[in-house]
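When you get a sec, could you build the whole thing from the sequences and use the hints?
Below are the chains, spelled out letter by letter.
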Amino acid sequence: MNSSWHNYSSHNAGRFFDEMITDAGSPRQAARHAVKLLQALSGPEMAARRGAAELAIREMGISFTIYSEGGNIDRAWPFDIIPRIIRDREWQKISRGLAQRSRALNCFINDIYNEQKILADGLLPADIVLDSGNYKPQCAGVTPRYGAWAHVCGTDLVRNRDGKFYVLEDNLRVPSGVSYMLENREITKRVLPELFKDYSILPVDDYPSRLYSTLASLSPRDRRRPCIVVLTPGIYNSAYFEHAYLAQGMGAELVEGSDLFVDADDCLYMRTVDGSERVDVVYRRIDDDFLDPEVFRKDSTLGIPGIMRAWKKGNVAIANAPGSGVADDKVVYAFVPAMIRYYLGEEPSLASVKTYLCMHQPDRDYVLANLDKLVVKPANESGGYGIMVGPHSSAAKRAEFARLIEANPRNYIAQPTLSLSTAPTFINDAVEPRHLDLRPFILQGRDTWVTPGGLTRVALVKGSLVVNSSQGGGSKDTWIVEDKS
Amino acid sequence: MIMLSRVAERLYWMARYLERAEDTARLTKAYTHLIMDIPSVSQPGWDILVRILDAQAQFSEHHRACNEQNVLKFLVAEEDNPGSVHFCIRAARENVRTTRDVLPEEVWEHVNGLYLYSQEYAAKSVGRRNRHQFLDQVIARCQMISGLLMSTLCRDHAYRFIKLGALLERADMTTRIIDVGAGALLGNERLSTAVDPLIWAALLQSLSAMGTYRRTIGPLVEANTVVNFVFREPTLPRSVRFCLDGIRRELLPLKHHEAAIRVLDQSLQGLEQFDAETAERQQLHDFIDHFQLELNTLGNIISTTWFMSGVETSGVATSGVATSGAV
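In the order they appear, the protein sequences are chains S and G.
Using our numbering, the first residue of the first sequence is number 227, and each one after it goes up by one.
Using our numbering, the first residue of the second sequence is number 776, and each one after it goes up by one.
Be aware that one or more of the hints could be misleading.
[Claimed, not checked] Chain G regions said to be covered by chain S (calculated; three or more residues, Cβ under 8 Å):
| id | region |
| --- | --- |
| 1 | 778 to 786 |
| 2 | 871 to 877 |
| 3 | 1026 to 1037 |
[What the hints assert, rightly or not] These stretches of chain S come out as covered by chain G in the derived footprint (C-beta under 8 Å, 3 or more residues):
| id | region |
| --- | --- |
| 4 | 476 to 484 |
| 5 | 495 to 505 |
[What the hints assert, rightly or not] Between beta-carbon pairs, the in silico distance windows are:
| id | chain 1 | residue 1 | chain 2 | residue 2 | range |
| --- | --- | --- | --- | --- | --- |
| 6 | G | E884 | S | K415 | 20 to 28 Å |
| 7 | G | Y892 | S | K423 | 53 to 61 Å |
| 8 | G | R904 | S | Y462 | 53 to 61 Å |
| 9 | G | P879 | S | I653 | 35 to 43 Å |
| 10 | G | E884 | S | E520 | 40 to 48 Å |
| 11 | G | P879 | S | Y462 | 23 to 31 Å |
| 12 | G | R875 | S | A250 | 47 to 55 Å |
| 13 | G | D855 | S | I653 | 38 to 46 Å |
| 14 | S | E503 | G | E884 | 41 to 49 Å |
| 15 | G | P879 | S | R322 | 42 to 50 Å |
| 16 | G | G902 | S | L691 | 51 to 59 Å |
| 17 | S | Y462 | G | S835 | 49 to 57 Å |
| 18 | G | M919 | S | I613 | 50 to 58 Å |
| 19 | S | E503 | G | P879 | 37 to 45 Å |
Calculated from the structure, these hints are not laboratory results.
Glycine residues also receive a C-beta, built at the ideal position from the N, C-alpha and C atoms.
Structural data, given as structure tokens:
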């Protein structure tokens, strides 16, 4: 073993689950080849591979944008060269669980905007859903094609100390990151080609064509090639690179709100040099609130006046459908397992984090008695209250939250503190464990499809749990590997 | 092949700004040479460069004296003068940034490289010592980008709008250059017959037309002949006629081109009928004034026919990038 891996397993000391190395310090089965090969590389050799990766990132123009006063800056995408490896056998189960979850969430959204059966049957309190800012009454009465609302879902998973994956949250509005998942694979192919020899890795690069098929299946007109556009807020948005990337990958037009208009026939058109061209499907990457100034925020200059009219009449498909956010709410999250049983008649195959709803007496008693062990979150996001992480909190803080919970139990949920798994990450000149999560993407149109793997985000700062790219987070290539016969 | 109006507009302005950067650099370079050749008593002032670009108002916002230092700073380095070389390069880059997906990847790299160069050197190149090298670099890099576009772009709408922008800008600049010689700007009393040929030769130089002129017309540089040549020589890539012919060729394949063609044909006809050989300087100046108005009209028609002008929803950042800031 070379010196960059020196003392690797002592860092964790068994406190976290490590994706590649067991507590005893030996590589996990699926990671064996990769660890062997990486350990054979010297520190300078590893650094050279990292240099090659950074060069590739600059050349490929992979960036995210940070807007600042001095103009917008394109930052190179921080990337760790050591891939994260997950066995296919384990992944298939997760993938099925994700698809199941996505189907149930879509049933839920469609139900809420139509019959509201789940509320009538008392599975969850109506006011929790209907009073939430994520519920958009303007969407009531609409059933998009196939009953699909959240066509692209990014679900955040974490692996706990017990080695099991848990769903942390579902992002049903405008989840981003998929382009980095694709680029990460491209970079790894360039800088560690020899690793691929010993593995059978599920490919990810058909995502743009899968996305295209999903979007095309939503088209209100039956055409061989429906007109699909990617709607971006513009160059200053942090995910602009991804918007352009996906548009190019699908052969779709990258448009801004001002490129589109709704005509007297309530159809959506884009302005081209040859005149107006009818649009069938909008893959929008702007929030509901900015989508249509006639219906939502009146001061929005990013949206298209009348697009909601066109959508409600079925003249254009919008992905994700407006109002989908009603299902990615912290309180609603607690009911997803119940939804799966209710709508699908199945047992949830993916674990959720146990969520205590302070509005229920027994839950509340438990939460108040265990504040030092739990994470307490305000249920109503627009409340503006902070989150309390029990194990890191002061007695005064806990007393304050106890008072808040007693005063307004409906506004609080609590969850046990999870310990995020780690994976070997090349930091400076040594390989050290860093915490990570995983965001797979689930597509829902006529069919359901789950990316093999997803985007692994890694907190590059030692001990940090923050994987966000604007706050010192990076990413890793994620491999789903088949067991060799 | 679908071309979004907004994308077409940005490509068009990218080309206009690149052409304007190159032309301003050419003009500044030629004028600097010229000044050095003219005895100081009859030297025309630096204010002419400002007046060529109709930028007096803008100039006087920031400067009082029309001396070499101020004028050059204004033309080369100023951040907020829409006619300055640096401003044009920055605006071109912003337009490429948002249209990268329809352009060959190298275009972005070269335009970005030009921007980085200008950002570092523009302000340091106001003085005579570094000026020449900076202007040469700008001209050479702009030419490289034009060459790259010529040799890699599909002849589709993207190419068409880039050509339209470049040719319109060039036609405008060529007439402005003639206007310098037209004396209406110079003021007749300041001109001596000895200096006149020097000025016309410098102007030909700035249009890369000196060699062709010598071979086609002869070595004697005479005002009316030069004007006629630069107006009407159909084979000279910077002549007005050449630009108009090119614009016409690119307009024809576009839908709804009737209004634009009508104005263009008027301009072509006016150019044909204007008798440069016998025209007095005042007549020449009036003709150019009128001609530039027509080019302006043509630009407006292009904008209303194919772009989204008048659409209020377009964001500030967007229109800020694409708008001409008519110089």
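Hints broken by the structure, by number, lowest first? 7, 8, 14, 17, 19
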